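Undergrad: Spelled out, the chains give:
Protein chains: 2
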Amino acid sequence: MAINEKRTITKQSLDFPAWYQDVVREAELAEGSEVRGCGIVRPYGLKIWELIKAELSRQFEEDDIENVYFPIFVPLENLEAEKEHVEGFSPELAIVTHAGGEELTNKLAIRPTSEAAMYKTYAKWIQSYKDLPLRLNQWANVVRWEKRPRAFLRWSEFLWQEGHTVFENEEEARVEVQKMLDVYKATYEFMAIPTYTGRKSESEKFAGAVMTKTVEVMARDGKAIQGATSHYLGTNFAKVFDVKYLGADGEFHFGHQNSWGLSWRSVGALIMVHGDDNGLRLPPNVAPIQVIIVPIYKDETAKEVLDYCDTIKNSLKDKYRVKVDTRENQTPGFKFNHWEVRGVPVRLEIGPKEAAEKKLTVFRRDNGIKELVALADLEKRLAELMKEIHANLYQQALDFSKQNIHRIESWDEIGEQSGWFEASWCEDADTEKLLKEKYGMVSRVLLPDSEQSAPKNKKCFISGREAKHDWLFAKSY
Amino acid sequence: MAINEKRTITKQSLDFPAWYQDVVREAELAEGSEVRGCGIVRPYGLKIWELIKAELSRQFEEDDIENVYFPIFVPLENLEAEKEHVEGFSPELAIVTHAGGEELTNKLAIRPTSEAAMYKTYAKWIQSYKDLPLRLNQWANVVRWEKRPRAFLRWSEFLWQEGHTVFENEEEARVEVQKMLDVYKATYEFMAIPTYTGRKSESEKFAGAVMTKTVEVMARDGKAIQGATSHYLGTNFAKVFDVKYLGADGEFHFGHQNSWGLSWRSVGALIMVHGDDNGLRLPPNVAPIQVIIVPIYKDETAKEVLDYCDTIKNSLKDKYRVKVDTRENQTPGFKFNHWEVRGVPVRLEIGPKEAAEKKLTVFRRDNGIKELVALADLEKRLAELMKEIHANLYQQALDFSKQNIHRIESWDEIGEQSGWFEASWCEDADTEKLLKEKYGMVSRVLLPDSEQSAPKNKKCFISGREAKHDWLFAKSY
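Protein sequence lines correspond, in order, to chains A and B.
Note that this note's numbering has the first sequence beginning at 525, numbered continuously upward.
Note that this note's numbering has the second sequence beginning at 525, numbered continuously upward.
In isolation and in its complexed conformation, chain A is listed as follows:
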C-alpha cells in the first residue's frame, strides 16, 4: 500500500519538531493565527480535547468536585501579593490597560492561572471547619505569553482545567495532591499513554507552591512533556489572601491549599507519543472517528456498495463514532491516506465482492494489519479490536520509554544521546543550572520508589557531592 506518497509529512527520524508541525497541519488539528503565539484549534483537534475533557469531567464528578467560573481578569495587585508567584508569572503576563473607552486606574492581568483571582473570594466563603474541604474546579482559558510557541504544547492562550482546594491541615492536603495526580495518570492511561509520576525539584516546582507533583510523558524523540501537575501550596497563599477558618478547637487556622491542572498540552502529548511517519495514531477512547468506512466501487456497483456501507454504519453508530467517506471525487487510495494521517483506529474497506459475500476488510491503523471479517462477526471483532489497539499503543509507548531511560553515573555520559537519564543527584540548584547550560536539560521527576530508597550512587552525577536520590533528567517540550 503506497501511503503518504506525497510525503507532506517529514519523517520523525529526520526532524521530529518538523514532523510534529506537519502532522498538526495535515491532520487538520490546528494552525497558527494572526495573533503571534496563539493558535486556532480546528474541529478534529478540538474534538480530541473534548473527549479528554469528558473523561476528566467524569472523574471529577464521581469525586464530587464542583465547577466554578471566576473572571478572566486579575487585579495586578492580587498577583503581586504572593512574591514567588508573581516572580514566576510576571514575564508572561498580558495586561489590559484600557476598557470601555477609558484608561483603567487599576490595570488588569489576564489570568495566567487563578490562585490570585480566586482565593480572596475563598476567604469570604470559608468561615469554619464545617465549610471544609472546599474542592472546586474551573474549565477556562488562560494566557501566558510565549516567546517560542508550539502547537498545543506552548501557545500564549490555552484551554485547561484548574482545581483549587482548601483543607484543614497539611496531611489532608498532601493526600489530595496524590489523589489528583492519580486522576491525571488515569486520564493519560485513557489515552493509552504511560506516565512517570512523582515530585518536582525545588527549582522546577510551581511558583508559590511548597511542593509540586508531576505527570511526565516521553515523546517519540526521547524528550519529556510535562503532562499535568498537582501542587501543595501549604499556607503560602492562605496567609496572603486570609483564607482561614474557625477550627473545632475554637481557634482560627489558615487553610492548607492545593491547585492542580491539565491542559490541551495533553493533545500535543498524544500526538508525540503515538504518531508515526504516516501521521497520527489515535487510541479509540479519544478518536473523533473510531471507524471510517471507505466504499470501493465503480458506477455499476455504486448503489450496492453504498447501501451496504450504510447498513454497516447504522449497525455500528450506537456503539462507535463511525463515518462513511462518500466523497465522489476522490479515489479509495486518497481516502485511505486521508484517514491514516488523521489516525482513525479502524478502517473498513468495502467493495462489491465484500458486499456480495457479506464480508469486509478491516484495517488497523496502529500496526497496519488487514484482516477479512464476516459481517456476522463484525460487532464482536470490533469490540476486541478496540481493546487490542488501545493495549498495543500503550505497550509500544511503554516499551519505547523503558528503552530510552539511561542510567548514568556521570553527566559526561550524556554526550549526544537522546532519551531520559536516571542519575543520583545532590539536589542542589546550582548543579541543575549547570546541567541546563551544558545539556539543555533539567530534572523532570523523582519517582516514589526512588524517593523511598537511598541513591544507587553515593556521589552526585554532576557535583560529586553527596547524592540524595535517583532522579530522572531530560530535555523537554
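Treat each hint with caution, since some may be false.
To be verified - Among the chain B residues that face chain A by a calculated CB cut under 8 angstroms, a handful are:
1) Q536
2) V559
3) C562
4) E574
5) L575
6) D587
7) P615
8) V620
9) T621
10) H622
11) G625
12) W669
13) L683
To be verified - In silico contact screen, one side only, chain B against chain A (beta carbon under 8 angstroms); selected entries:
14) I564
15) V565
16) L570
17) F597
18) L600
19) V610
20) A618
21) L632
22) N665
23) E681
24) W684
25) Q685
26) V699
27) K980
Unchecked claim - With a straight-line cut-off of 27 angstroms between C-alpha atoms, the simulated DSSO-like cross-links for lysine-lysine are:
28) K577(A) to K822(B)
29) K654(A) to K703(B)
30) K822(B) to K571(A)
31) K577(B) to K577(A)
32) K841(A) to K577(B)
33) K822(B) to K654(A)
34) K847(B) to K654(A)
35) K654(B) to K837(A)
36) K648(A) to K847(B)
Worth flagging that the hints you see were computed from the coordinates, not collected in a lab.
Quantities reported herein were computed from a predicted structural model and do not represent experimental measurements.
All C-beta atoms in this analysis are idealised placements derived from N, C-alpha and C, irrespective of residue type, glycine included.
On the provided structure of chain A, position chain B as indicated by the hints.
TA: Just chain B now, with coordinates in the frame of chain A:
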C-alpha cells in the same frame, strides 16, 4: 409552613431588580467580583448553565455542527475593517497593550464576538463550493465592557456559544437563520420558557448584520430579555475578509454568512421568568438537584429514617439528580427553606412515620402542594410530577406573558403601565429614538404572523405616518 421568615429576599412586587439580586445571592448562584462588571459564578449557578449548554450541544451535534476554538485576541485592525461592526462594539472593548513584558506594536482587543477573529481564516479554508456550507460553533468567553452590570444578564465577561456559517447563497443562509432561531426556541422550551421570536428592527439589529432574528422572553416584571439572536450577515463581512468560493459555474462568489449566539444570559432569563417571592423555581431539565430528600428525626429514630432516605436515594439516583440533606446541625424547617430558595423542583420529607409505613411526603416547589405517596408508587409518581412541573411552569409563564401584552393605538396609552405593547409602527428610526427617550423602550420583535399581514392600524402609534407592521415594544434588561 413558614417560608423565608427572615425575608432575606425582597418581594417581587416591591422591587423586582432587588428581588433578582437577592435570589442570585441567596441561592448561591453568583456574586460580584473585585473586577468591576465581572461576576463569579458559583457551582449551583454554573451547573444550571452547564445543563443548558448540554442540551444546546446535543442539538448542534445532531445537526452536524462542529466546534472550533479561535484565539481570544483580535487584532484591532480586523475589528476596524467592518465599519458598522466596529462602531457597534468599540465603546465596549477591552484592550491589551502590553504582553510578555513588552508594549505591543499591534494592540489587541479581547473578542466581543468573533466575526473579525474568524473570517480571515475562513477565507483560507474555503476554496470552492465543495467546501460549503461551513457551519462551525465556538464555546467561549467574550468581553463587552459594561457600565451598568447585572448578574448573568450584563457582565463585562460572559460565557456563550457563537455559531459562524458560510453558505453559497442568500436563500440557504436565510433558511439557516430561522433554523438556529428554532434551535434556540427549543432550548428555551427545554427550560419551560415560552418565547416570542421574529425579526429585529433596523436600529436594533446586530452591528454589521443585514438582518437579525431574536428570541424574546418576558420577565415577571413585564420587561423583555433578549434570549438569543441569529443573524444574516449577507456578504458584508465576506467582502471585508475576502470569504469567497469558486462556484460550480466556474466564477468566484462571496459567501453568504450567518452568526448566532446564546449566552449565560439564559440563566438570568430562567430566574426572572420562573422565580417567585421565595426564590428560584427550576424546571426539572435544568435543576442541578431535581429531588431533595429531607430526613426528619430525633436521636432515637435517626438510624431508621436515614437508612430509609438512603434506600430511596439509591433507588432514584440513576434517573434523577438526587441528594439527601444530612446536615446534623440544621432543622428540617431550615432545610425546607434552603432548598426552596434554590428552586429544587421536588422535595421528599421523610420521618419515622413515613419510614415505618413505607410512605413519603412529596412537596412540589412550583405550586407548593404536598401529597402522600406510597413507596411502591414513587417512581411512577415522580416521572409524572417532573412532566407536570415542567408543563405548569411553562403554562404559568405563557399565561403571564399573554396577559401582559397590551394592544395600543397611540403611545400615550403606555402611561405608567408595565408589560409589552403591541402597536402598528411606521418602522422609522426617528420614532424609535423618541420612544426610547420618552418611555425607555424600543421595538423588541416583529412576529412572523405580523410580518405576513397588514398592520391592524394604518397609522403609526408614534408618528401617525403610514404603519407597516404590528411590532412588540418593551423595556428590557
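Undergrad: Hint by hint, note whether the structure agrees.
TA: Status of each hint after checking the structure:
| no. | hint | verdict |
| --- | --- | --- |
| 1 | Q536 | violated (27 angstroms) |
| 2 | V559 | holds (5 angstroms) |
| 3 | C562 | holds (4 angstroms) |
| 4 | E574 | holds (7 angstroms) |
| 5 | L575 | violated (12 angstroms) |
| 6 | D587 | violated (14 angstroms) |
| 7 | P615 | holds (5 angstroms) |
| 8 | V620 | holds (5 angstroms) |
| 9 | T621 | holds (5 angstroms) |
| 10 | H622 | holds (4 angstroms) |
| 11 | G625 | holds (5 angstroms) |
| 12 | W669 | holds (3 angstroms) |
| 13 | L683 | holds (7 angstroms) |
| 14 | I564 | holds (5 angstroms) |
| 15 | V565 | holds (4 angstroms) |
| 16 | L570 | holds (5 angstroms) |
| 17 | F597 | holds (5 angstroms) |
| 18 | L600 | violated (11 angstroms) |
| 19 | V610 | violated (13 angstroms) |
| 20 | A618 | holds (4 angstroms) |
| 21 | L632 | holds (6 angstroms) |
| 22 | N665 | holds (6 angstroms) |
| 23 | E681 | holds (6 angstroms) |
| 24 | W684 | violated (12 angstroms) |
| 25 | Q685 | violated (13 angstroms) |
| 26 | V699 | violated (22 angstroms) |
| 27 | K980 | violated (42 angstroms) |
| 28 | K577(A) to K822(B) | violated (44 angstroms) |
| 29 | K654(A) to K703(B) | violated (50 angstroms) |
| 30 | K822(B) to K571(A) | violated (52 angstroms) |
| 31 | K577(B) to K577(A) | holds (15 angstroms) |
| 32 | K841(A) to K577(B) | holds (23 angstroms) |
| 33 | K822(B) to K654(A) | holds (22 angstroms) |
| 34 | K847(B) to K654(A) | holds (18 angstroms) |
| 35 | K654(B) to K837(A) | holds (24 angstroms) |
| 36 | K648(A) to K847(B) | holds (26 angstroms) |
In the structure shown, a violation is registered for the earlier hints numbered 1, 5, 6, 18, 19, 24, 25, 26, 27, 28, 29 and 30, in ascending order.
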